[in-house]
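Asker: Protein sequence lines, in the order shown, are assigned to chains A and B. Each position in the first sequence, counted from 1, maps to that position plus 3 in my numbering. Each position in the second sequence, counted from 1, maps to that position plus 3 in my numbering.
Possibly wrong hints are sitting among the right ones.
Identical copies carry no separate label here, and so any pair may be met within one copy or between two of them.
[Claimed, not checked] For lysine-lysine, the following BS3-like pairs were computed, each having C-alpha atoms within a straight-line distance of at most 27 Å: (1) K90 / K449; (2) K452 / K30; (3) K374 / K71; (4) K122 / K92; (5) K27 / K360; (6) K81 / K122; (7) K228 / K452; (8) K228 / K201; (9) K141 / K92.
Rather than coming from a laboratory, the hints here were simulated on the basis of the structure. Quick caveat, the model's predicted, so the values are computed rather than measured.
Number of protein chains: 2
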Amino acid sequence: MARKIIVIGSGAAGMTAASTARRKDPKAEITVFTEDEHVAYSPCVIPWAIEGTVPWDDVVIHDPAFYKKNRDITVRTKTRVDSVDNKRKVVAASGGEYPYDSLIVATGGSPFVPPIPGKDLEGVFTVRTVNDGRAIQKALKGVESVVIGGAGVIGLEMALALSGMGRDVTVVEMMGQVIPRLADPDVAAPVKEYLEGKGIRFEMGAPIQAVNGKGSVESVVAGGKEFPCGMVIFATGVRANLEIPRMLELDVGHLGGVLVSPSMMPYSRGRPVENVFLAGDVVQCVSAVNGGAAMSQLGSTAVRQGIVAGSNAAGVPDSTGPVSSPWVSVLGDLQVAGAGFSESLASWYGMSTVSGKAEGHTRARYYPGGKPLTVKILADARTHRVVGAQVVSGEDATGRINWLSSAISEGVSAEEFLYRSENAYCPPTSMVRDVVLQAAEALCDKLRKVI
Amino acid sequence: MARKIIVIGSGAAGMTAASTARRKDPKAEITVFTEDEHVAYSPCVIPWAIEGTVPWDDVVIHDPAFYKKNRDITVRTKTRVDSVDNKRKVVAASGGEYPYDSLIVATGGSPFVPPIPGKDLEGVFTVRTVNDGRAIQKALKGVESVVIGGAGVIGLEMALALSGMGRDVTVVEMMGQVIPRLADPDVAAPVKEYLEGKGIRFEMGAPIQAVNGKGSVESVVAGGKEFPCGMVIFATGVRANLEIPRMLELDVGHLGGVLVSPSMMPYSRGRPVENVFLAGDVVQCVSAVNGGAAMSQLGSTAVRQGIVAGSNAAGVPDSTGPVSSPWVSVLGDLQVAGAGFSESLASWYGMSTVSGKAEGHTRARYYPGGKPLTVKILADARTHRVVGAQVVSGEDATGRINWLSSAISEGVSAEEFLYRSENAYCPPTSMVRDVVLQAAEALCDKLRKVI
């Protein structure tokens with residue numbers, strides 16, 4: 004009999020898992036349940052869709068008909084899963100019961116909104132779904148001033164999109180820098196300056212205390228100051244959706260994601276649940292830097308985990324490694340990227356770091372069109388292991404951060420990385436000594452003095 | 004007494020070695036001897052200087068006055084070293100004798116021109132020095148048709164530059180594909196097609212047999228056919244300049260470069276020559292793939308080795324690893340890059356390979372301006388080790404090939420690479436699953452079937 008695989012969730016993790024399961028088991032019956040109207044899109048693109056760079060119709064790459072026709076996967080949209088019973092191996096939804104052999108839970112996360120007065124007023128938004136994005140775009144019509152809560156990458160990308168659309172944008176952030184936790188202050192500072200140059204205002208060290216208004220938003224109070232505005236967008240992080248995992252009595256880690264093995268198999272009271280697999284924002288990961296708990300709520304992580312969950316659900320063993328979670332954000336002419344630990348995260352874990360930093364260009368110094376490129380690499384002061392990296396650049400940050408992410412995941416020391424690494428060179432695409440290796444040299448010079 | 008360091012050669016290797024020696028030993032007396040008129044420029048930029056994208060004045064970044072003033076390095080240009088006596092530790096040049104404690108030999112390579120009739124006619128050029136480039140630019144004025152001998156990356160870059168300047172360009176190549184030895188036929192084919200689309204003609208499997216002309220070039224005979232032209236440019240490889248190494252009786256490897264230790268120290272009859280260091284095109288390297296002999300005549304390799312040679316010459320121990328020699332070439336809108344073994348090189352060493360290939364985009368599929376991106380990864384069929392990689396792309400090939408080069412140098416298997424690797428994602432700079440990882444998946448799928 005054909006294996007029955009049910010996937011709950013239709014984001015990057017869920018749809019990748021479903022497609023991988025199909026590839027690994029051509030005969031399986033695969034069904035995806037999702038409350039969403041749209042499937043298989045990237046929430047990361049929403050700022051560019053709102054500003055009009057990407058048409059909404061392009062954001063949603065495939066519809067359920069595509070999955071049925073090309074991959075023989077049934078997608079039930081706007082369908083809420085009411086319960087899951089893993090003893091009987093059935094999912095209950097829309098009044099029916101659906102049996103499964105393997106279950107993939109890819110329920111993702113939901114935007115976190117701080118529990119403050121006025122958070123439910125008209126004009127308060129989060130950025131997660133296509134419908135969120137369309138609603139913001141529609142509501143913007145009558146709005147001149149927008150306050151964005153949170154200076155993480157999504158907050159900054161939204162700020163730049165709305166500012167480019169002529170809105171007066173203020174970003175309020177609880178911490179003292181933009182991209183807190185992920186980026187170091189010296190890397191974050193030029194990003195903030197760049198955005199200020201685009202007319203965006205920042206209020207740092209200012210947690211949002213209240214949203215004021217009669218029926219709809221009139222102002223925001225943050226850090227004791229009042230900011231008049233017609234729209235508030237919360238970009239204050241994502242929390243794992245644990246409703247389904249809780250029905251399954253799965254163990255949840257202290258960072259709030261479901262604990263899983265390298266094969267994406269969860270645990271219940273410490274014992275593996277062998278026919279269930281998870282992937283995406285709902286999962287708590289293992290850090291490649293220190294083996295500890297980490298949340299990696301990135302689209303690329305969701306896909307990586309979805310492949311493994313889908314393969315195992317289809318009976319083909321696969322596993323995935325710890326995360327250094329490379330990320331990149333494009334803010335107009337600026338790209339900022341990172342992987343592994345920032346200084347503040349390292350320090351939170353009690354790790355002392357030494358950093359090497361180099362400033363150069365993306366092309367040979369004399370080649371037209373080259374952009375400034377700054378690379379910073381962090382090593383553990385005791386072991387010399389590469390534990391983090393950050394890049395700010397006008398172009399080509401992504402390949403460089405992936406390269407550095409591999410060094411972090413390999414667990415090499417800064418000296419090993421420098422000893423082994425080479426760079427390709429052509430005047431239109433790099434300096435003869437890539438800035439990544441210049442930063443590694445600076446780091447090794449400093450480590451030599453640390454002893 | 005201050006350490007005396009003499010450097011022979013003023014290319015990327017020599018000037019990097021001199022600058023590193025200064026950084027490591029602030030008191031050393033450092034002198035560079037060079038026959039060249041210009042120092043510290045990148046020969047790789049010559050095609051872009053000839054076409055006018057980069058002004059000649061920008062190509063030469065620093066002059067001897069800069070080195071004297073900023074780094075206290077004496078550079079003697081247009082000065083031929085007549086002899087070296089490492090027993091007495093003196094260099095003889097321009098009728099004087101110069102003593103040294105450490106000697107750095109960075110004499111580079113010279114373009115190889117096949118020994119055929121007519122090779123010395125007026126209108127026959129090679130591409131190595133600024134003066135070569137200027138001479139080509141000047142001679143082009145009266146020339147309509149150019150034949151380029153050799154379809155390696157320099158030949159192709161020159162072909163595109165001259166074609167863009169309105170010349171009728173024919174590339175003749177002995178082998179059956181462009182970028183032979185470095186690129187696989189399936190990766191090379193679209194590169195050739197692209198250049199044909201720009202109006203460049205190719206004659207493959209056609210070694211140059213003769214250059215005809217009375218006084219100056221009138222035609223080239225290659226593969227039995229005659230090609231009328233007013234200029235011939237040989238881009239048929241580089242041979243190490245061994246005159247100085249031979250004076251020092253240094254051991255030369257079977258690929259024609261000087262054998263060196265990881266500290267860039269040469270051997271004489273197998274015994275280390277402890278106060279001499281080499282760097283750059285004159286050196287024979289060790290392959291990161293199989294530990295065997297490799298030539299890596301790249302600017303980036305020269306800098307990497309120059310750092311190590313300069314540091315050791317200044318008494319600070321340093322060493323450098325084997326080479327996977329990542330390279331990249333920019334041909335108009337196309338970037339082509341590689342690292343490690345190609346299929347033909349692997350097969351030359353008796354290694355069977357399995358390849359994984361993926362085609363995608365440099366940005367999210369729907370994000371405007373994304374370019375096609377093809378990644379091919381080769382693994383040893385027996386050990387599954389990643390042994391080679393190639394990228395053809397409209398943008399951002401360099402970071403990706405450096406990333407893959409690290410995997411080759413780390414010696415990881417394809418499965419380990421896939422297990423550990425992550426990619427940063429933002430719609431304007433990558434697909435949610437980078438094409439590098441898609442290629443790694445395709446490779447692992449094929450390896451699973453190979454057993």
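Asker: If a hint holds in the structure, say so; if it does not, say that too.
Answerer: Against the structure, the hints:
In this homomeric assembly, K90 and K449 never come within 27 Å of each other (Cα to Cα): the closest approach is 58 Å inside a single copy and 37 Å across copies. In this assembly of identical chains, the alpha carbons of K452 and K30 lie at most 27 Å apart only when taken from different copies (19 Å versus 61 Å within one copy). Taking the closest pair of Cα atoms, K374 and K71 never come within 27 Å of each other, the shortest separation being 45 Å inside a single copy and 29 Å across copies. In this assembly of identical chains, the alpha carbons of K122 and K92 never lie at most 27 Å apart, being 39 Å within a copy and 80 Å across copies at closest.
In the homo-oligomer, the alpha carbons of K27 and K360 lie at most 27 Å apart only across protomers (19 Å), although the nearest pairing inside one protomer, at 44 Å, exceeds that limit. Proximity of K81 and K122 under a CA criterion of 27 Å is satisfied intra-copy only: 25 Å inside one chain copy versus 75 Å between copies. Taking the shortest alpha-carbon separations for K228 and K452, neither the intra-copy value of 46 Å nor the inter-copy value of 64 Å comes in at or below 27 Å. In this assembly of identical chains, the alpha carbons of K228 and K201 lie at most 27 Å apart only when taken from the same copy (23 Å versus 61 Å across copies).
Taking the shortest Cα distances, K141 and K92 never come within 27 Å of each other, neither inside one copy (43 Å) nor across copies (80 Å).
Of the hints listed earlier, those the structure fails to meet are numbers 1, 3, 4, 7, 9, in rising order.
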